[in-house]
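Engineer: If you're matching them up, the sequences are chains A and B in order. Per the numbering used here, residue 1 is the first one in the first sequence, and the count goes up by one each step. Per the numbering used here, residue 1 is the first one in the second sequence, and the count goes up by one each step.
Just so you know, the hints here were simulated from the structure itself, not pulled from any lab data. Just so you know, not all the hints are guaranteed correct.
To be verified - Derived contacts from chain A toward chain B, CB cut-off under 7 Å, selection only:
no., residue
1, Pro25
2, Cys40
3, Thr44
4, Thr102
5, Gln104
6, Val110
7, Val111
8, Tyr116
9, Arg119
10, Val120
11, Gly122
12, Val129
13, Ser145
A virtual CB, placed ideally from N, CA and C, is assigned to each residue, including glycine.
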Amino acid sequence: MPFDEEIQQLTVSVWDAILHLPIEPETGALPEGERTMSACVQITGAWRGAVALSCGADMAAEAAAVMFAITSGAPEKNDMQDAMGELVNMIGGNVKALLPETCQLSLPSVVEGSDYSMRVPGSRLVTRVPLRCGAHAVTVSLLESEEQAA
Amino acid sequence: MSVHQEKKKEIEPALIVPFVQSVRKVLATMAQMETTIGRPYGKQKGPSEHDCSGIIGFSGKVIGTVVVSFPLATASKLVAAFAGDEVDPQSSDFADAIGELTNMIAGAAKPQLGGDANITVPSVIMGRGHTVSRPSDIPCLVLPCSTVAGEFIVEIAIRTA
Numbered sequence: 001m002p003f004d005e006e007i008q009q010l011t012v013s014v015w016d017a018i019l020h021l022p023i024e025p026e027t028g029a030l031p032e033g034e035r036t037m038s039a040c041v042q043i044t045g046a047w048r049g050a051v052a053l054s055c056g057a058d059m060a061a062e063a064a065a066v067m068f069a070i071t072s073g074a075p076e077k078n079d080m081q082d083a084m085g086e087l088v089n090m091i092g093g094n095v096k097a098l099l100p101e102t103c104q105l106s107l108p109s110v111v112e113g114s115d116y117s118m119r120v121p122g123s124r125l126v127t128r129v130p131l132r133c134g135a136h137a138v139t140v141s142l143l144e145s146e147e148q149a150a
Numbered sequence: 001m002s003v004h005q006e007k008k009k010e011i012e013p014a015l016i017v018p019f020v021q022s023v024r025k026v027l028a029t030m031a032q033m034e035t036t037i038g039r040p041y042g043k044q045k046g047p048s049e050h051d052c053s054g055i056i057g058f059s060g061k062v063i064g065t066v067v068v069s070f071p072l073a074t075a076s077k078l079v080a081a082f083a084g085d086e087v088d089p090q091s092s093d094f095a096d097a098i099g100e101l102t103n104m105i106a107g108a109a110k111p112q113l114g115g116d117a118n119i120t121v122p123s124v125i126m127g128r129g130h131t132v133s134r135p136s137d138i139p140c141l142v143l144p145c146s147t148v149a150g151e152f153i154v155e156i157a158i159r160t161a
């Protein structure tokens, strides 16, 4: 199940509904050497895997400012992390609706750094969807348990 | 000041003890190392920086995340003891070993958490100076752990659903 189109569409919907910002398909990569944030929710139950949302810290700050109506000053890191967690939670919830019953979603965890890699041992990448919101590169990845894929 | 002003609940002690026991048990069994666990403390400030972290989620009757974070030197020694040989930190085997260690700690604690708790597959983050956070309305308790391989921490941010 490729899921590319569905993930693209539901990310556009989440961005529009929550952030009121346009986001569109793009082939660009995340900025190297800059601070990036990755938020991840895991799926358990009838289907096991994970959904990850990654972008630069500037995109996370813009999302937090919109989501929490921060009009003066830069959003605090906590707000950026919560915004990323909320966005991946919504994307994950929409992905869950496409999966077999019954699945549960974990709470999101958010990673930040300038040079890190995220790996989900025992999983394979189903798809990675690159998008762009204004000047910001965004990627949404879906991983599936290898055990289940077999 | 953050826009989030919700009062955080204290983490339930009954959810902590299983992790104290599972950390000791897993390290003793898999790495033949005794673990000294210091006084747990509530995580009040922002996330601290790490080199290597294993993250596992809980869903079902218990929800939240548990994160095991190491300095690279400590992780390298633990993985070597765990695998029986040195493992290149850049290799996928290294991340797999950290993921398995995290999975075993969470898996050993799970039966004692009561009710139906599901654990997710672990995620592993490698990279100097990264931070890991979770929703700010979930209380987090930190278990400082010490072994002959070095120190590491277990961050427990779970609650009953």
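Engineer: Would you mind marking each hint as holding or not holding in the structure?
Structural biologist: Results of checking the hints against the structure:
no.	hint	in the structure
1	Pro25	violated, 26 Å
2	Cys40	holds, 6 Å
3	Thr44	holds, 5 Å
4	Thr102	violated, 11 Å
5	Gln104	holds, 4 Å
6	Val110	holds, 5 Å
7	Val111	holds, 5 Å
8	Tyr116	holds, 3 Å
9	Arg119	holds, 4 Å
10	Val120	holds, 5 Å
11	Gly122	holds, 6 Å
12	Val129	violated, 19 Å
13	Ser145	holds, 6 Å
The structure does not agree with the numbered hints 1, 4, 12 stated previously, though it agrees with the rest.
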